[in-house]
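*Asks:* Letter by letter, the chains look like this.
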Amino acid sequence: MNERMLSIKHLHATVAGKPIIDGLTLSVPAGEVHAIMGPNGAGKSTLAYVLGGRPGYEVTEGSVTFDGRDLLALEPHERAAAGLFLGFQYPVEIPGVSSLQFIRESLNTQRRARGEAELSGAEFIKLARAEAAELGMDAEMLKRPVNVGFSGGEKKRAEMVQMGIMRPRFAVLDETDSGLDIDALRTVGREINRIMRAPDKGVLLITHYQRLLDYVQPDKVHVLSTGKIVRSGGPELALELEREGYAEAAA
Amino acid sequence: MTALPTRKLEAFRYADIDALSSVWEQLAAPRSIQIAAHKKVQQIWLPNGNDIEVRRAEITLEAGAEMSLFALNNARDYGRIELDVTLREGSHFTFNAANIGAGESNLEIVTTVRHDAPSAVSRQVVRSVLGGKAVGSYLGKVAVARDAQQSDGEQSVKAMLLDRGATANCKPELEIYADDVKCAHGATVGELDPNQLFYAMSRGLDPASAKALLLEGFVMGLWDDAEGSDAICEAARAALKVVTA
Ligand SMILES: Nc1ncnc2c1ncn2[C@@H]1O[C@H](COP(=O)(O)OP(=O)(O)OP(=O)(O)O)[C@@H](O)[C@H]1O
Ligand SMILES: [Mg+2]
Chain A
2 MNERMLSIKH LHATVAGKPI IDGLTLSVPA GEVHAIMGPN GAGKSTLAYV LGGRPGYEVT
62 EGSVTFDGRD LLALEPHERA AAGLFLGFQY PVEIPGVSSL QFIRESLNTQ RRARGEAELS
122 GAEFIKLARA EAAELGMDAE MLKRPVNVGF SGGEKKRAEM VQMGIMRPRF AVLDETDSGL
182 DIDALRTVGR EINRIMRAPD KGVLLITHYQ RLLDYVQPDK VHVLSTGKIV RSGGPELALE
242 LEREGYAEAA A
Chain B
169 MTALPTRKLE AFRYADIDAL SSVWEQLAAP RSIQIAAHKK VQQIWLPNGN DIEVRRAEIT
229 LEAGAEMSLF ALNNARDYGR IELDVTLREG SHFTFNAANI GAGESNLEIV TTVRHDAPSA
289 VSRQVVRSVL GGKAVGSYLG KVAVARDAQQ SDGEQSVKAM LLDRGATANC KPELEIYADD
349 VKCAHGATVG ELDPNQLFYA MSRGLDPASA KALLLEGFVM GLWDDAEGSD AICEAARAAL
409 KVVTA
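Residue numbers (this note's numbering), protein chains in the order written: chain A, 2 to 252; chain B, 169 to 413.
Chain A extracted, bound-state conformation:
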């Protein structure tokens, strides 16, 4: 097992030529959940996209290793096959492609890349139904085109259904809690624990609110501001931020 499952060192990255991540260092050991909080525009989503390998997000300095491997050398789909999952702040709609087909093809491509057997149609449907049920989502919704016509909260829940089916080793979840109603927030919190709490897994949880952290107790909380981590602490830091705001707490 890796002491430092995800290790980010002195990372600098630009978006459309504009420097956004500015010397960011952060490590998440296996078995831990780390929360990242920070003001709008701080670079949280940018960090998530850089970790996912989004085209146009260019690393100009620094390194990221995942289980000791150079993550930045991998293509986005190779990162997924290595066990990285990116929960999107704004999940993308894909008309004409059913969620079932999308998730099944994605999962089987990952499995092939890892040298694992593909799931048969029947095995996959069973798994998808079970995971949808855990999230309280009607399995019929998975027959619809990916995220098309879903409400904001339904899209976030659908992301968690995908995560449940894919069983990643490490999840970067970008504001999975925003847009969720009170009950859905509790369900999603419980699901993150169920799917991702394990000695060999890790989570980077980007959020604006303490509420999710009541359900998913973080081992560490980091404050990201203008492209770098300006403070780190235990779960109590999130409470302090909620009480005092970023300006005070980061000072």
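Derived from the structure by calculation, the hints contain no laboratory data.
Careful, some of the hints might be misleading.
Claimed, not checked - For lysine-lysine, the following BS3-like pairs were computed, each having C-alpha atoms within a straight-line distance of at most 27 Å:
no.: 1; chain 1: B; residue 1: 350; chain 2: B; residue 2: 208
no.: 2; chain 1: B; residue 1: 326; chain 2: A; residue 2: 144
no.: 3; chain 1: A; residue 1: 19; chain 2: A; residue 2: 229
no.: 4; chain 1: B; residue 1: 409; chain 2: A; residue 2: 144
With the hints as your guide, set chain B with the ligands onto chain A.
*Replies:* Only chain B with the ligands this time, still in chain A's reference frame:
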């Protein structure tokens, strides 16, 4: 047999005349399809697999008749679908078709839909996926006669170009002599959405599979309402594999 057309003729302005000349002598007369009043008919036109395939039909829908035509245009060198459709009172014509071509394919769909009597509806949806140096064209004329009030004609045309050398031509045309009609057309030429591509890749799809899946969504929606669409879906999938290879 009439003389070989030239590109000076509007309906042949994008045609591959050399390919056409090689089949012109043996070309059968346009199929004549008559749909009797209040009858409902569906047809699915699969490609026959020849390198050059020209399909022509003269279709008449009598009063209250309904026809849904689903077609895949996918000949390796030259594929042409040519329809001349006459709509009588209250009839309903649906045409959903795809041009899928790679290499040097020239694929064209040329339609004339005549709203000859009141209250007929026509719906044409054409999707093109073009790679290599392929050319995909849609020339569609909707003609509404003087007394064909409450005509309703729609044309939706979208093309996806996968390579710099590929070309899409689109020319929807309205010729309206009645005053109470509803006709609309929309046309777009685009590339795959980078947001959708990244989303699919972040879920583990390699770039080629991600593209193929997105294109499948773009095309397969055409046949959602077709009964027994397995064969055309299968053929379209195979064609898409060739274009994205
Ligand atoms: N394509 C782009 N071109 C130029 N600037 C961009 C682009 N994408 C993001 N930025 C800028 O990068 C900065 C960081 O954006 P990012 O989305 O990472 O913030 P965030 O911390 O996730 O904010 P929020 O809490 O609002 O989600 C912002 O100033 C934003 O305007
Ligand atoms: Mg963000």
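*Asks:* For each hint given before, does the structure comply? Return the numbers of the non-compliant ones in rising order.
*Replies:* none
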